[in-house]
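Asks: Okay, here's what each chain looks like letter by letter:
Protein chains: 6
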Amino acid sequence: MFEHKKNLLHPVKVEKPNPQYAVLMQEQLGGCNGEVKAAMQYISQSFRAKDKVFKDLFLDIGTEELCHMEMVAETINLLNGDKVDATKVTSGEIETMTTFGLNPALINSSGHPWTADYVTVTGDLAADLLADIASEQRAKVVYEYLHRQIKDPYVQETIMFLLEREEAHNALLCEALNKITDDGSNRNFGMSEDSRLYFDLSKPRRYFDDPNPQPVEIKRDKHSSCCKKKK
Amino acid sequence: MFEHKKNLLHPVKVEKPNPQYAVLMQEQLGGCNGEVKAAMQYISQSFRAKDKVFKDLFLDIGTEELCHMEMVAETINLLNGDKVDATKVTSGEIETMTTFGLNPALINSSGHPWTADYVTVTGDLAADLLADIASEQRAKVVYEYLHRQIKDPYVQETIMFLLEREEAHNALLCEALNKITDDGSNRNFGMSEDSRLYFDLSKPRRYFDDPNPQPVEIKRDKHSSCCKKKK
Amino acid sequence: MFEHKKNLLHPVKVEKPNPQYAVLMQEQLGGCNGEVKAAMQYISQSFRAKDKVFKDLFLDIGTEELCHMEMVAETINLLNGDKVDATKVTSGEIETMTTFGLNPALINSSGHPWTADYVTVTGDLAADLLADIASEQRAKVVYEYLHRQIKDPYVQETIMFLLEREEAHNALLCEALNKITDDGSNRNFGMSEDSRLYFDLSKPRRYFDDPNPQPVEIKRDKHSSCCKKKK
Amino acid sequence: MFEHKKNLLHPVKVEKPNPQYAVLMQEQLGGCNGEVKAAMQYISQSFRAKDKVFKDLFLDIGTEELCHMEMVAETINLLNGDKVDATKVTSGEIETMTTFGLNPALINSSGHPWTADYVTVTGDLAADLLADIASEQRAKVVYEYLHRQIKDPYVQETIMFLLEREEAHNALLCEALNKITDDGSNRNFGMSEDSRLYFDLSKPRRYFDDPNPQPVEIKRDKHSSCCKKKK
Amino acid sequence: MFEHKKNLLHPVKVEKPNPQYAVLMQEQLGGCNGEVKAAMQYISQSFRAKDKVFKDLFLDIGTEELCHMEMVAETINLLNGDKVDATKVTSGEIETMTTFGLNPALINSSGHPWTADYVTVTGDLAADLLADIASEQRAKVVYEYLHRQIKDPYVQETIMFLLEREEAHNALLCEALNKITDDGSNRNFGMSEDSRLYFDLSKPRRYFDDPNPQPVEIKRDKHSSCCKKKK
Amino acid sequence: MFEHKKNLLHPVKVEKPNPQYAVLMQEQLGGCNGEVKAAMQYISQSFRAKDKVFKDLFLDIGTEELCHMEMVAETINLLNGDKVDATKVTSGEIETMTTFGLNPALINSSGHPWTADYVTVTGDLAADLLADIASEQRAKVVYEYLHRQIKDPYVQETIMFLLEREEAHNALLCEALNKITDDGSNRNFGMSEDSRLYFDLSKPRRYFDDPNPQPVEIKRDKHSSCCKKKK
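Protein chains in written order, with the numbering used here: chain A, 1 to 231; chain B, 1 to 231; chain C, 1 to 231; chain D, 1 to 231; chain E, 1 to 231; chain F, 1 to 231.
Worth flagging that the hints you see were computed from the coordinates, not collected in a lab.
All values derive from a computational prediction rather than experimental measurement.
A few of these clues could be false.
No distinction is drawn between identical chains; accordingly, a pair holds when it is met within one copy or between any pair of copies.
Derived DSSO-like pairs (lysine-lysine); straight-line CA-CA distance at most 27 Å [stated by the list, open to error]: (1) K55 with K13; (2) K52 with K16; (3) K52 with K151; (4) K5 with K88; (5) K179 with K13; (6) K88 with K151; (7) K83 with K16; (8) K179 with K88; (9) K52 with K13; (10) K203 with K151; (11) K13 with K50; (12) K55 with K151; (13) K6 with K16.
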């Protein structure tokens, strides 16, 4: 079960209202790599995780993403100011000014509503953890793009906090991937020659240097190295 | 900020796996009147609620809806059994058997993914509370339809619990509506004759008995009565 | 069956073309609280309404909403002017300038296409009437937001007409709700203690003053008061 | 403005309830080639039609499609019977049994909600009329597929009526296309050699017998022949 | 099977970056009448085309549309410039600046993601060819709208090339339609009086001059004329 | 530019028609982890890939995925048989029987149309390659689920071929990831303490054994190991 506390996981503020930048921030509230997506992906994966260890991981991170969702929403709320005025917005969505009355909503920066099509879940632990690692990387990239487009030091600080939390999640997810023994989508599915073919379908030049590429297998020792600590 | 506890708000179990009924239950996980919709609607409305009293209400109920989401998901998870086998499903969505690997996903009973288009938020307190009351009523109706189609006593008990919680939410929401003084969408917007016209556009018969219907205004005393306690 | 007359239900005009404001008006043509949504919701509910009285109501209002749809569309058409030129649009959707050739289309102000996910229908009369009342309130709120953002006196007049018609619809819908005897989703579904619980899940502060909230029941006398006439 | 009469354009009935076939019929209510799509496409095109002759055509046909929508919806309503029971449905959508309470809804046979993405409008008369002719042909094809899958003589009769109305619409639309003088997308846009090239990109065999295909132009005399009356 | 060559079907370049115009061009990459839609429609229709002649046609054109997709994407890529900066965009979608990092994506000019709802396929050859002819006409119209809104001579040249290719496709598609003998949706489906009725549902004025319109039939000799070569 | 050859990349056949299994196979044609998704993701990523080496990789694999799309579509086409008959389908989508006339369409097994929301592209090479590796893993999982549910030896053989090709793609993608020097989303973004925090938000138990988890960095030597060849 979930509980809520009124304080944010990490306080946020803004220098002054900035409705246009609020539109950009919507991308991390209701967008394809945003916090609602992250929360719903981890929580969905927890629904069937049989191993208590992984279920706990998905719920720890998923719950933190709900906290991030609140931080992004409050930042947007402050940036929106106090007046519905579409002339303050120079690109992107304007439903904030027509329908939502400045209330942060579950849409992206262009106004596309959040959809569960963003959430990847397969019930296969290795596949889902890989999806999560890739998702964290994309979320980090979007925060970098957003960071380059705002001068407000408080918003920058919030973005940096959220961006670096993705790093911490990668640490947890890689450790988790390392715990997986070779089952599920990792088990060798009887490799045939087919998995060793190379089709050079785009000419000219041949991307692949090795004339005989080998199929790979996702296994513990690979991923342990996948989580090398920094020097 | 949110926190999570491993125990469910209310325990759930099932008599035996029932993949077909799991498909029906998906409606209340990822459907238009389901628990994710309810949670996201209340939480979204909390993002801008200025009055701490209403913000607390939205968060109390929204957090409970997240707990309901877990209960529905766990019920589906148990009903799904342990084998991907589309032949066990005789109607409705089958992505559970093709993509999700028995993991409860954010789709409805026909496989339509959850979308934020289900969430109604306007930033106007009276309008949003009315939307919430109407949403609770629809959720109750869907649970009634589901209740009629399952014999499993444990699933019935879970459905009854969730159905009756909607009742409790209505009590809270009506009390909240009563607290609103006449501002926002309630303020008289300068009624003209236009709001007193009646267009009898579908013939034959005239629905409306009163030849001169009067416009209405949503105000405190009306809603206090709207929340009459039962005898 | 439907018939059409060339004159609008209420004439509309504009002071001069205003492509940017046309984008805002799209919200009430193809948006989540717009006229197509309203028309389709009432007409859908009429498809199964067994009681001729309610079927007539849904068709009277639904048909009027089709008339409103025409008024909004013609207003957008006039505001769009005569030249596809995206530079005239400073925020929101631009398909009007790339695909639709200035033809009013079924999209919202950000370009999201109209979807039946906006329509709420359950086949339960009480639930559907509540949904309609809440929908009218939201439509009214959106018109208020739009009214604040335009100086054109003719567009203002059209918005006021449409806004006040929502008031008239509320009068009809409340009277309808009053006619419902306690069946469908109104019948007492055997209240248990569960519907009297209160979960205080967001800390600090406790929203709910009553330590023992009571479930509510939607019944005639409540709603008759729900439709108090103005003094 | 629109008006409504209680009688259907053409009466419908069914031999007996058939919930599974009701699901198939949903395709022509809320599907991509269904009656709501047709109605919304013609009505949308009428929003900007400057020539009164074409505006009248779009409104005549669009209004008739609304009448067809009612006929399809009533047929589904009768086929749905009186009991929410998903076991009566053996494939396709089941929201009718979980959310809509047997009320015909704006979804297709698999449960995908109706979307304005189905509607094609460009503000160019020739392009829009061609789209309408093609749409009528698709609607006819879907009715043929549905006709093959039902034995109920009353449903067959309704399908035949609707199918043949598409024929009548084609007669009107072709006559309309014939009235267009060479403007809009018909005007010669300065043909260059580029429009005479032929790329034979799929091997083996060359589809095109003429080594030097000529570009075409949509013009009056072509379309007059396009609407040859039957012998 | 498909193969790829690094050179474009036709070279493209731009005078200088123009992020706002890149947004408009997105309409023909990921929009409802764009190149991905065209490619997917022809390729989908090839999946079941039994007659090798038509299968070849669908694959010749479908493959060319993939080449057009590349040309449009590269044009957008060049127009996007080298810096994520939403202030360079004055209307329409901004995910290019928030999520896609200047990478051309499968969205339209307002940010709506490409959807298979744009693709029309019925498995009926006549219906599908008519849909293709209508689609080419719409694509041509959109290119005309885009052409009017750009001064860059290189972009204009690319648009003209693509626009005129639609002409060539119409030549191929009409020839194909001429090859169809009267089967599929062309066969006479037993015309009754119903297909000769005329409902004059929008008043005043009667669009249709002929008091007794005749149903039409799509047959060879009609379409051969439908593809008259230019003088 | 693309070219097409009539032969499939790898021949497919089926023992006998199996319309129900065709519905399951739709998941890999128009589903979230299917071949159209894979093709569109690689091709989209190629649109901006500046380094010729990576652009070639994306196009080699993307083009192969188009070939896989054809193989899956032809398998579905053969399984669909020759008669539109919804009674042959016992769960999942039935538009194949109502609208598509047995033509394989871009929808998933429940009838949800393909959407570009499935495609992940960020313009950041490391993030996009990680997304591709994760996507291949999911595609492999779905093929495993499908393989368990069919006895037809020819369909099994096709599934195995496609499944093992994902393995080969992983080999290529890992080699590619190894080529990336630390830029883009890999560059150290100034790690602060924030990225070293651990929030234990789901109780009881603490997933993470290391009281002080370290942020990770995606760098060459890690990924080289990520692509260990099999013994």
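Asks: Which numbered hints does this structure break?
Replies: 3, 4, 5, 8, 10 and 12
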